[in-house]
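Quick note, the sequences are listed as chains A and B, same order. Residue numbering for the first sequence follows the numbering used here, starting at 1 and increasing by one per position. Residue numbering for the second sequence follows the numbering used here, starting at 1001 and increasing by one per position.
Do not rely on the hints blindly, as some may be mistaken.
FRET-style restraints, in silico, Cβ to Cβ [unchecked claim]:
| id | chain 1 | residue 1 | chain 2 | residue 2 | range |
| --- | --- | --- | --- | --- | --- |
| 1 | B | Pro1027 | A | Pro207 | 31 to 39 angstroms |
| 2 | A | Ser105 | B | Ile1232 | 50 to 58 angstroms |
| 3 | B | Leu1226 | A | Phe104 | 23 to 31 angstroms |
| 4 | B | Gly1041 | A | Glu179 | 28 to 36 angstroms |
| 5 | A | Gln283 | B | Pro1196 | 12 to 20 angstroms |
| 6 | A | Pro154 | B | Val1013 | 27 to 35 angstroms |
In short, the hints are calculated from the structure, not lab data. The C-beta atom is built at its ideal place from N, Cα and C for all residues, glycine as well.
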Amino acid sequence: MNIDQLKEKMDQAHYIYDDTLATVLSVALQLGRPLLVEGAAGVGKTEIAKVMAAALDRDLLRLQCYEGLDESKALYEWNYQKQLLAIQVNMGQKESDELTRSLFSDEYLLERPLLQSIRSDNPVVLLIDEIDKADEEFEAFLLELLSDMQVSIPEIGTIRAKSLPFVVLTSNRARPLSEALRRRCAYLYIQYPDLEKELAILRAKLPHVDDRLCVQVAQAVQMLRSSEAILKKPSIAETLDWAAALDALGIRDLTPDALLKTAGFVLKNSEDLAVLEQMQQSQEPEQEQHCGHCHPHGGLYD
Amino acid sequence: MTDPAVYLEKLAVFSRILRAEGLNIGPGQTEDAAKILTILGFQDREQVKTALRTVYAKSREEQLLFDKAFDGFFVTEEVLRKNAMQEAMRQSQIEQNRIDARQQLEELGLSEEQQYTYAAMPEEVRQKLRDFIKKYRDNNKRNPDLYAGFIHSVFAKTLLEQHIRMEDAAVGCQAHDPEMGLLYRDISQFQDSEIPKAISIIQTVSRRINGELTAKRKRNGHSGKLDFRRTIRKGLETGGSFYRLQYRKKRNRKKTLVILCDVSGSMVQFSEFALRFIQSLNQASESSRVFLFSEELFEADAFSLQNMDLFRSYVRDSGVYGKGTDLGNAIRTVLQRTPPVLNSATTLLILSDTKTVDQPGAAEAVLQAKRKAGKVLWLNPIPQSQWKHLKGPQLFASICPMLCCNTLNALAEACRQLTLS
């Protein structure tokens, strides 16, 4: 699939992208490499896998990583209960060697997302989300799958991929990933969107929201992100939540009062909320000085 | 560039350049790059750049290095010609300046390197030096023994400063990145408006290091003792058979940290950042004692340092802020304390730029401290490239391990090493 075809598919999926993203996705697809996506929380890393699944018309398999994740949760597990039952039922009826062999067959194998993704008849999109949360052993364990698209199960042997999944790994950079893993992947770093892109996302995702409000929300979010004093920068998801909340409350104009009342949708800790209040207070005297007789405007929400 | 063999050769050269820039490039990446260029072609420069960046650069830091290398390597013929012309003009100008320097400053006997530095200086600085020579030329003729050394030392000092400035000008491209710039910029160049962002970066990086250390601790394995309770409980999942044995975790023993913090004028900023890092690393030490020093020593109490936002006012109130530095006195005072502050279970961490009065005395005191403490580590905010020009870092680095911490990134790396040791 070339870049133009991919762009067409992403347009059909109503996904807002820029040329860089389209090129990176196309390169990863054409080389058959897993794509490692890094960036701050909430910039749309996970969304890329969802959109690629929609664009390529494939199923999405998701493996959410966490501390302590091991192969039994990610790759496969033997169904112990069923094996124990089979032993008791078949004891005396089958030869012990035959019984042992039958216990390690597909019938007792519980497939987890990684195994599912390579045993699927049709190619899928495999999302390995927040790989930085998993332990380094798990990262090392992934190397065989990512480079050779195969996994080794001691009791069965090597399982090669029936179909090649498009693998997307995401990381919030909570810890550095190993060189070996990085080397096997195409790499994409996503930054917060600029005003135009954020506005385009708002318009695409919330078409029913008043355009003027969308502009005000996008401008306010850009301002908050550019402020050094705000520690947790608002994500795209928070921008969408905020615009949707304002719309649901029937607010058509982002006034200072509306901003402060709904700031909890976009700023998620008390320090940042306090900073916002200070910013508002410092702007108020200026506004009064400029036009004290009319409704306050300007600054963050104008 | 229509012949594939030509651009594949160029690609191999480009891979070598990236390796020289510090990127970990293997043959696989070059092969991927060649494949993708064969598909995409060279029509769209930005597209080629993005595609190659995807293949070659595997982190944000590497992307910035890649962009710099790409922009320098893949240039249009017009730009190439212009750059070559500018460089030729610059070189001929420098050569001319060198010839002038040889003629005008013959009596000083400058080395080749000094001549080159002089030739590359801005005209106004060279003019100042020429004026200086002119001013003292008669004195030099009258009493060469007295003035020759003086003139040479002034000259050498100016040339050294210029040399350092030229080295500093070649900062990494990462320092110019709006998002990560602070991580790679010299701490002494931070503006007041950038400090909240720097603090936020410290918190983020500390969280990352903590995560890394937690994972490392878990990897350290078990103590070798069986945990019966967990083994039996886990066995219930497999019908009562002890399929996997569970072991007790290894106890993590941490050291006691004694921090000697230079708070003399220019060092306050660095000391604050370093303390923020150390305090936010929850595995840095079991307990720590912080001593602030300039000409005198003052022990900071743990409660006051809990809120680092008040660190500066706390330092000002302590009475040691803004004075000169006497490291030797500070260490001797610590050593004289009873009960002893330093023992084999303590790590002494010195946060200082090595600028102190009585350097031999200070060196002697560091040696004494080294004998008492389990380990001594020095975090120095002066860029390592300047150490060879300064006596202090050379002297103290020969006594104890000294880590360069002129940027937040280097400081984070030093703190990581501290916690891993």
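Right, here's what the structure says about each hint:
Restraint check, B/Pro1027 to A/Pro207: a C-beta distance of roughly 49 angstroms breaks the suggested window 31 to 39 angstroms. The beta-carbon spacing between A/Ser105 and B/Ile1232, approximately 30 angstroms, falls outside the hinted interval of 50 to 58 angstroms. The supplied range of 23 to 31 angstroms is met by B/Leu1226 and A/Phe104, whose beta-carbon atoms lie about 28 angstroms from each other. Distance hint check: the CB atoms of B/Gly1041 and A/Glu179 are about 31 angstroms apart, consistent with the given range 28 to 36 angstroms.
At roughly 19 angstroms, the beta carbons of A/Gln283 and B/Pro1196 sit within the given window of 12 to 20 angstroms. At roughly 45 angstroms, the beta-carbon separation of A/Pro154 and B/Val1013 lies outside the given 27 to 35 angstroms, and the hint is violated.
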